[in-house]
Amino acid sequence: AQSVSQHNHHVILSEAASLELGCNYSYGGTVNLFWYVQYPGQHLQLLLKYFSGDPLVKGIKGFEAEFIKSKFSFNLRKPSVQWSDTAEYFCAAWATSGTYKYIFGTGTRLKVLA
Amino acid sequence: EPEVTQTPSHQVTQMGQEVILRCVPISNHLYFYWYRQILGQKVEFLVSFYNNEISEKSEIFDDQFSVERPDGSNFTLKIRSTKLEDSAMYFCASSEAGGGSYEQYFGPGTRLTVT
Numbered sequence: 001a002q003s004v005s006q007h008n009h010h011v012i013l014s015e016a017a018s019l020e021l022g023c024n025y026s027y028g029g030t031v032n033l034f035w036y037v038q039y040p041g042q043h044l045q046l047l048l049k050y051f052s053g054d055p056l057v058k059g060i061k062g063f064e065a066e067f068i069k070s071k072f073s074f075n076l077r078k079p080s081v082q083w084s085d086t087a088e089y090f091c092a093a094w095a096t097s098g099t100y101k102y103i104f105g106t107g108t109r110l111k112v113l114a
Numbered sequence: 001e002p003e004v005t006q007t008p009s010h011q012v013t014q015m016g017q018e019v020i021l022r023c024v025p026i027s028n029h030l031y032f033y034w035y036r037q038i039l040g041q042k043v044e045f046l047v048s049f050y051n052n053e054i055s056e057k058s059e060i061f062d063d064q065f066s067v068e069r070p071d072g073s074n075f076t077l078k079i080r081s082t083k084l085e086d087s088a089m090y091f092c093a094s095s096e097a098g099g100g101s102y103e104q105y106f107g108p109g110t111r112l113t114v115t
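If you're matching them up, the sequences are chains A and B in order.
The numbering of the first sequence is our numbering, which starts it at 1 and goes up by one.
The numbering of the second sequence is our numbering, which starts it at 1 and goes up by one.
A portion of the hints provided could be inaccurate.
Calculated cross-link-like contacts (lysine-lysine; reagent style DSSO-like; alpha-carbon spacing at most 30 Å) [claimed, not checked]:
#1 Lys57/B <-> Lys49/A
#2 Lys111/A <-> Lys58/A
#3 Lys57/B <-> Lys83/B
#4 Lys57/B <-> Lys61/A
#5 Lys111/A <-> Lys61/A
#6 Lys49/A <-> Lys42/B
#7 Lys49/A <-> Lys71/A
#8 Lys57/B <-> Lys69/A
#9 Lys42/B <-> Lys58/A
#10 Lys42/B <-> Lys69/A
A partial selection of chain B residues facing chain A, derived with a Cβ cut-off under 7 Å [said to hold, decoys possible]:
#11 Lys42
#12 Val43
#13 Phe45
#14 Asn51
#15 Ser55
#16 Asp63
#17 Gly98
#18 Gly100
#19 Glu103
#20 Phe106
#21 Pro108
Think of the hints as simulated: they come from the structure by calculation, not from any bench.
The beta carbon of each residue, even a glycine, is placed where N, CA and C say it ideally should be.
Can you build the whole structure from these sequences, using the hints too?
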């Protein structure tokens, strides 16, 4: 069955530290991949998405993610985090098989210390 | 920028009661969705809705659940007889069209607490 795994549930970093959040999916076919962020009290917002082409995808707010097909991974990175990046981050996948739903990971709660 | 809105932000109800969660999708969107997140667990798909009918639903979406678009703007999720395990954050989403090529825009969620 299709699934998405996020291995880091809670991450605490100091400002200016580099960030990498892991995301792995299990699906043998073509997938579209997404990272969403939810700031406290706000909507889930799309950070970036991968459909095809260049496996290194750049998103908003300095985030990027790399799709590695051989590892079934789509890790989120940011070279230097800010206090304002404190939020919950969700990886999601959509399988191109006639379904309408996103499959989400459990989310990673990031806290950045000023 | 257009947003998906949800009301109420927090609903407390007693077991066995009916609740209706409301959502206003983005106005030109055609596909609507409900997801839920039980505390500490994954965001799970419940149902998608298009052209006034359910296009896909998960095994969670049993006979206790129903969705409706009662007018041109609202999209509701009804839980007929709530159980303790229905306590969760419920997210509404909408997209211009179906399929993963179209971004789903999410609302802020309604926290449902069943006591």
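Pairwise hint evaluation, Lys61/A against Lys57/B, where the allowed Cα distance is 30 Å at most: violated, 34 Å
Pairwise hint evaluation, Lys69/A against Lys42/B, where the allowed Cα distance is 30 Å at most: Given pair Lys42/B, Lys69/A holds - Cα atoms ~23 Å apart, limit 30 Å.
Restraint status (C-alpha distance of Lys57/B to Lys83/B at most 30 Å): holds, 19 Å
Interface hint status, Lys42/B versus chain A (Cβ within 7 Å): holds, 5 Å
Pair hint outcome, Lys49/A versus Lys42/B [Cα-Cα no greater than 30 Å]: Distance ~19 Å between Lys49/A and Lys42/B Cα, so the pair holds.
Holds or violated: Lys111/A to Lys61/A, with C-alpha atoms at most 30 Å apart: holds, 16 Å
Hint validity - Phe106/B Cβ closer than 7 Å to any chain A Cβ: Hint holds; Phe106/B Cβ to chain A Cβ min 4 Å, cut 7 Å.
Chain A contact restraint for Val43/B - C-beta distance below 7 Å: holds, 4 Å
Distance restraint between Lys111/A and Lys58/A, which requires alpha-carbon spacing of 30 Å or less: At roughly 22 Å apart (the allowed maximum being 30 Å), Lys58/A and Lys111/A satisfy the hint.
30 Å limit on alpha-carbon distance, applied to hinted pair Lys42/B and Lys58/A: Distance ~25 Å between Lys42/B and Lys58/A Cα, so the pair holds.
Hint validity - Gly98/B Cβ closer than 7 Å to any chain A Cβ: holds, 5 Å
Hint consistency between Lys57/B and Lys49/A [alpha-carbon to alpha-carbon, up to 30 Å]: holds, 24 Å
When held up to the earlier numbered hints, the structure conflicts with 4, 14, 16 and fits the remainder.
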